[in-house]
Amino acid sequence: MYSQAVLTALLGWPVVAAAGVLLVPERWAKHVALAASLVEFVISVPLWWTFQPAAGMQFVLDLPWIPAWGIRYTVGVDGISLFMVLLTTFLVPLSVLGSYAYITTRQRGFYALMLVLTSGMIGVFVSLDLFLFYVMWEVMLIPMYFIIGVWGGERRLYAAIKFFIYTFFGSLLMLVAILVLVLRVGQQTGLYSFSYAYLTAHLGGLGPAAFWLFGAFFLAFAIKVPMFPFHTWLPDAHVEAPTAGSVILAGVLLKMGTYGFLRFALPLFPSVALHPAIQAGIVTLALIGIVYGGLVAMVQPDFKKLIAYSSVAHLGFVMLGIWALTLQSVQGALLVMINHGISTGALFFLAGMLYERRHSRLIDAFGGIAKVVPLLAAALTIVSLSSIGLPGTNGFVGEFLVLLGAFPTYPRAAIVAATGVIVAAMYLLPALQRVIYNPLDKPENEQLRDLSPREIAVLVPLLACIVWIGVYPAPILRRMEPAAKNLVQSVRLDAATFTATR
Amino acid sequence: MPLPLLPPLTLLWVVPALPLAGSVVNGALALAAPRAKRAVSLVGVGVLVLAFAAAALAVVALAQLHPSAPLVVRYWEWLPVGDLQVAFALQLDQLSAVMILVVTGVGALIHVFSVGYMRGDPGYARYFAYLNLFVFFMLTLVLGASFPVMFVGWEGVGLCSYLLIGFWFTEKINADAGKKAFVVNRIGDFGFLVAMLLIFRHTGSLDFGAVFPKASAAFPAGGPVVTAITLFLFLGCTGKSAQIPLYTWLPDAMQGPTPVSALIHAATMVTAGVYLVARCGPLFALSPVGSATVAGVGALTALFAATIALKQWDIKRVLAYSTVSQLGYMFLGVGTGAYAAGIFHLTTHAFFKALLFLGSGSVIHAMHRAYHATHAHEDAQDMRNMGGLARYMPWTAALMWIATLAIAGIPPLAGFFSKDEILGAAFARGAVRPAWYVFWGMGLAAALLTAFYMTRLMLYTFHGPNRTGDREREQLHEAPPVMTGPLVALGVLTVLGGALNIPPLFGGGARLEHWLAPVTDVALTPAPDASPATAWALVASAVLVAALGMVGAFQLLRPEALVPARLAPPARGLGRLLWKKWYVDELYDAIVVRPVLWLSREVLWKIVDKRLVDGLLVNGTAAASRALGWVGSRLQTGEVGVYVVLFVVGVLAVVGAVVR
Amino acid sequence: MNLDLTSTGDLARALLPELTLTAAGMLVLLVTAWRHTSGRDLRIAGWVTLTGLVAGGVAVWWLWWHTARAAGPPSMIAVDDFRFVTDGLFLAAAGLTVLVSFDYLEREGLLVPEYYVLLLFATLGMMLMAGGEDLMVVFLGLELMSVSVYVLAGIDRRSGAAAEAALKYFLLGAFASGFLLYGIALVYGATATTNLTQIAAQVRSLSLVQSPMLLIGLGLVLVGFGFKVAAVPFHMWAPDVYDGSPTPVTGYMATAVKAAAFAALFRVLVEAFGGVTAWKPIVWWLAVATMVVGNFIALAQHTVKRMLAYSSVAHAGYLLVAVAAASWAGSAALLAYLFAYTLVTLAAFALLAAQGREGERDVRIDDLAGLGQRRPWLALALAVCMLSLLGFPGTAGFIGKWYILVAATMAHENVLAAILVLTSVVSAGYYLPVIMAMYMKPQPFDQAHAGVRLGRPAAVVVAACVVGLLVLGVRPNPLLDLARSSAIVPPARAATPATGR
Amino acid sequence: MLLGPALAVSAALFALGVLGVLLRRNAIVIFMCVELMLNAANLAFVAFAQQLGVAGQIFVFFVMAVAAAEAAVGLAIILAVYRHRHTVDLQHINLLKG
Amino acid sequence: MDGTRILFGGFAVLAIASAGLCITRRNPVASALWLVATLFSLAALFVLLDAQFIAVLQVLVYAGAIMVLFLFVIMLLNLGRAGPTDLKGPLGLGVGVLLAGLLLVQLLVLRQAGPAAGGPARATTEQGMIPTVARPLFTAYLVPFEITSLLLLAAIVGAVVLAKRKL
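Chains as they are written, first to last, in my numbering: chain A, 1 to 502; chain B, 1001 to 1660; chain C, 2001 to 2501; chain D, 3001 to 3098; chain E, 4001 to 4167.
With the rest of the complex left out, here is chain A (with noise of 0.2 Å):
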């Protein structure tokens, strides 16, 4: 029953409560919110002790929906998406919290629009139907759209309509290489479905056309994740959304962009993926990523800004692990994935208390807070260390995984981005002393509250799982190894039977 049930009931409970959000009065809606999204969270979290890491999708529910088109409503989850699901749980509940104080206007449209966003976010992440994936890809467009634009800072419209276009921009040929993708296969096995599972059976002899339905699925992916040259976006839209914005976009969203290529474009593509040219070009733009965010990180005014940079860094180590296709690189990338959630989301949750006390973003504004604000700093510091992969943090655990894993593929490109660690810490730790350190010169700084009790319910968990992930990571790469070990495999494989058949 649960383990039917319990992925549908994650998609479905987010809408009702935001329903439900949109129906109590405007002081209430945060309370409400909060509760719906506990609810969810705690739905999610038996997930992780009835998962089977052995036994591939699971807690699979499968009806059909459009069956004059083959599509059907397929969820389910495996060792790549479940903690993608659970991260995804894990920082709504945090992000609703964290907005209590920095959301004011509107909050009942506000609060619904993240639950509707909760329930998006999870759709992506479990949806093993094409089209389905699809549908939920834009639809957490909006949610998000509105947010950033409704609620975020002075250039939000430029930013929305920006992070809008852009993904529209991606996604719209992905649906068209979709269809093309299920027509293909269609008329060779007579069957058409937009069934995950069905199409990764039956791919083969699609042709030099695979190479541009890889482009299409391609092009939205890197979009999303977003890597170098498609980045520009992300700094615009990281620093105007509101806190649980941004904390949301740099947690979940663009987790969505390297779960596609994990889940789709390299399963569905092995052959072009696996393309040697097309290989090292991806590597190389994953290393440009992890090098140039840092660079650009480390001269950036505005603190939302730099941490925005520092995501096109991190996600560079996701790509890198994710295209050197060992064992290790893909845990490394699965676990960079959730860790700069959890790290990057801390951080942009401290970005928003310092602005939430001075109404400023800009490093300079700042400066000696250590003395007033202790523990801010203190937790400031704390996850700064991580982001910088430090280890014993979880920072360094998934960015060790991933160079160890590139290293035997390519090997030049593991000792560049293993350049990115020292680049890391040249963007935040002056970073980190402008904000925290220097003198305290600024009177307007000298009377600043320290953490209240609801923001340190925020934080202490993102801490808690900081060094929980750093000093004992084991149960999570347990639970995601056989699902990495199974799609490195089949990749590999498939990319060499296609090849050779060719």
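There could be a bad hint or two in this list.
[Said to hold, decoys possible] Listed below are the simulated DSS-like cross-link pairs for lysine-lysine, each with C-alpha atoms no more than 25 Å apart in a straight line:
hint, chain 1, residue 1, chain 2, residue 2
1, D, 3097, E, 4088
2, B, 1172, A, 371
3, A, 371, B, 1037
4, A, 485, A, 371
Everything labelled a hint here was simulated from the structure, so no lab data went into it.
Model, not experiment: these values are computed from the prediction.
Add chains B, C, D and E to chain A, keeping to what the hints say.
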């Protein structure tokens, strides 16, 4: 057979766990009850004493067994991914035994000293939290049974160093120094990281216990892979242990509290590189190039840093460059293959350098109080403001003299034996590879300079007329017992430390060497034994050089001629070059830091990101679309005539296309 | 139910919807003859019209329910599900337009009950046009529709813009009719018949695929229909006319007129010229040009009405893609898209009509600022409309677009599909600012939206459309089944299928 | 067999009608040119009818009805425009544009 | 036969020439009259093409009724005087001539084209007579015929709506 009373070695985790617990408690206190100083002292010092006791017990237990292989205790799976199976495991062997004793022992003394030194500081609890945390990471570093676990400690100590250097973070210069230390260390850590990648690629494991036995089989001796591994590892060492070219952070690190300088930047953390080379002996043994690089860089650093130390006025900076120089000696030792000698020097250096730093701390403490009492804004660390302090602080002066003699290499103090052994080993190696004669010469020259600048430091600080100021002079006092106590203890160790490893030449048993033999034997490239005559000659030359340096200092320097810092004229010529540290910081700034920043800001961000990618590609496309739309809507003139013309054009096109 | 169209009784049965509508038209005309002075008279005429439309709908439904089919020799009028479904669509569009018009006409003081008569005649014309099995009927139906709509466009006699719109529409429409007529003449000359199925038969039996007369005729017919569907470059009238006409009429033009033209175009091309490949590259290029031009120029618009006008040009481009697919799937896609598009466009124009204070022509996109807070339901409806126009998942607009893409890709028109989605991206650049203005900009002054009034009938229309959009977006199965079962099955083609680049 | 010449004349008249529409700005004259185009089509129909049977002539009949209807509506529209603008010159009837 | 051809040629030239004058006269009244001339010529051509009934209709309906309407409106709007020309300038002229010329070239392809072989009924001399035209009009072509009635009705309603004085 182990004694029945001894706890089992599976409890090894207690040793690092104690400081960690202390750090957590102190950290909580720092945030919750920053004024509870008694509790903080009790916890902070207590855990260290207990950790020392635990470490001692563990070492005793080890001594009972004296195994030929390390004892490894696995606690939990850390990174189990496919072939990679890294556990959180600790290992105890003879080498790490020495290290944990030094770390917890010297650490405990410095903790005690800190109780006095930091008494008035508002960040007292935070200070002890950091310091305990440092000890935890240092112990993890030396006890880790695999490269990744060691790396946790390796970066962890860097973190603590960062936090402690910038402890008084409201001064920008302190925060800068901390940041610089971290970033420079990171550059080194990059080397460590890459070395790990290479090791895993070629041996399939990262556990010491698996890698070293496989090393000789996996790597052909002198092959490119093992050379790359050793060079990358050594890059890590140059960062952590402040060797050329990454030494520049260490002198700046003196911005931290003086006990921190003693513990982290003299006695323990900076020696981690030496420990790493010793630990990875089996790898370095396979790579002559790697070893030679280690030795050469070590020798060069020893000499180079010593030259800079000649002209520094800041008492702690002198000591900092001295540390860099002494670390160079250690690398010369381990690079030569004389691991025991290197570790020996590491140990003795920990004693006398900690003593020197704490002594200087005591001096600074006194100076600071004096200036504080009169509200003067003079530099409490500038030797030109000191002079004649021996009168006011006799204990400190006496103890520091002992340490000075030790570092200069005057027998029979600890430094004499260890330094002598390194130089001897280097000279002996010269017989096989003549390059080592050069290294030896450099080491000897450095010894001369060491004796000189240390004597200079003592002369300017403790002797001659006092330049502190008339009113301040009355405020100068000896430090409280809680501070002088550790000084005394270190003084004793400085005097007696040489006994650990008296070479057979002087009739000693070379006990440390024997103790370390299970670790170092696998690694050692045996150096040819020098004849006793040569050995004696070497000893004589070393002592002579040390004496020469000291006498020279006495002869050349005129403490009476000094004026206080604010009246002093700027130095000129070579002196200025040395005072400015050969302008290396400025050089790095000009060729690395600023170009990178410029590239990032002016090229990557402003041009590539804003103009090219965002401006041209993204917004450009949008603007072009809008422009296109605008042009199109201009065609919509509202006049039917135009519409008709277009219509007919369309007709012509359609009909033309149909008929073709 | 098989109807022998040579017998008068069966012919009358087959034409039952048209006859019903004719009767209704007469009735309304009689009513207006006596009562044409007050708003109440107007309402009476409106309700009678609505009754007539419903009656027509019942007649269509009756035929559809009995699965009426023509038997016997080729006839003037088609009796197939495609006709019934399109008829239903026209009737629904007309009915909704009537509902929207109630308030509009009274508010604008347009006490012209003949409005409803013309609406009925126009609808009748569409039904004949889309159901015509003979070029003659198609042409006459088209003229009946056009003549009525010319007048409807200019029915607001106090408005210079409306008069100008009517004139432009009329002149260019007559001009285009000339081409269409000449084309029909040539087709007739080449094939000796004007009956669609017989044309196809003649083309086959006389192997006329290369005949210049037939081809030129085909080209000119395409031009004529291209004008009616507002395909680039025959679209120039559309923005001006849509802009100048009274808003409910604009909505009607943008939906029903366009739908009728597309239905007829598809029927003519597939039934009569299914065996001629020459028109496919033309439609291909027309589709591309229409999508590109419509979307890009819409980007440069500031007023909502003109933006919607260009957007409707762009949508014609999408529909042309379905035509270019020229397959059973294309036909189904056309129907599904037309259905979704009609719903959304009618709702959008109804909402726009509600905005008009001093003439809805002048409502700039920025004038909607703050509507989201002041009139949340109105704004929500408009937002859903915009998303549906954009083709966003969860709305019927997406289903329609998806279907067109399916049809295009099935016909191996991948490039066309790609152009379709890329131009859709462009369209986000003008649909989103509407949402943006409503929700993300503060209202410019306190009473900015005080004049916004949506009458009850219009509100019902909007609500029904929006709910329909959302429901069909999530659960499109009934629509799809209807579209699939009513699609025209093109005759097996001898010539090579693929065209385009 | 006059089909060929008749079609040529028809084409010429049609082209002249189009030319007239292209050349003139007076709405009424343009409309007259459109009538010319319709008549060209009629000529073609009649010419075809000579060969193919009476259907073509019937079509001409319908076209005349259409022309009459269009004339009625069209002239009414032109009147309406004239009432607003006091001109039928299309150059000056360009309120709607952009 | 030859006489028919000559007559045909004459009326064809007349039709084309009047059409040319119709589109080039500055005065709308003149244009209208030249158009009437064209229509008359066409009626003659219709006769020559065996469509007598249609020819009569052409004169009665087209030239008689429709063109009168045109003239009436021209007069009503007081456009009878030769005002400033409404012909376009040289550019418009060039473009127009070019486009129309191209169209003519394209259409003249038709000259060589023969009609479909085997139409339903071959031409007879009876063809153009009233019964032959009228019978199918009320049988086979009943539906379109009725549509024309609706069309005219709609046009009347429309014209009334647009042109009546009061709303």
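Hint-by-hint comparison with the structure:
Between the alpha carbons of residue 3097(D) and residue 4088(E) the distance comes to roughly 20 Å, so the proposed pair stays at or under 25 Å and holds. As the CA atoms of residue 1172(B) and residue 371(A) are separated by approximately 14 Å, the hinted pair is consistent with the 25 Å bound. Taken as a hint, the residue 371(A) and residue 1037(B) pair is honoured in the structure, with Cα atoms around 18 Å apart against an allowance of 25 Å. Distance hint between residue 485(A) and residue 371(A) is unfulfilled; the C-alpha atoms sit about 49 Å from each other, more than 25 Å.
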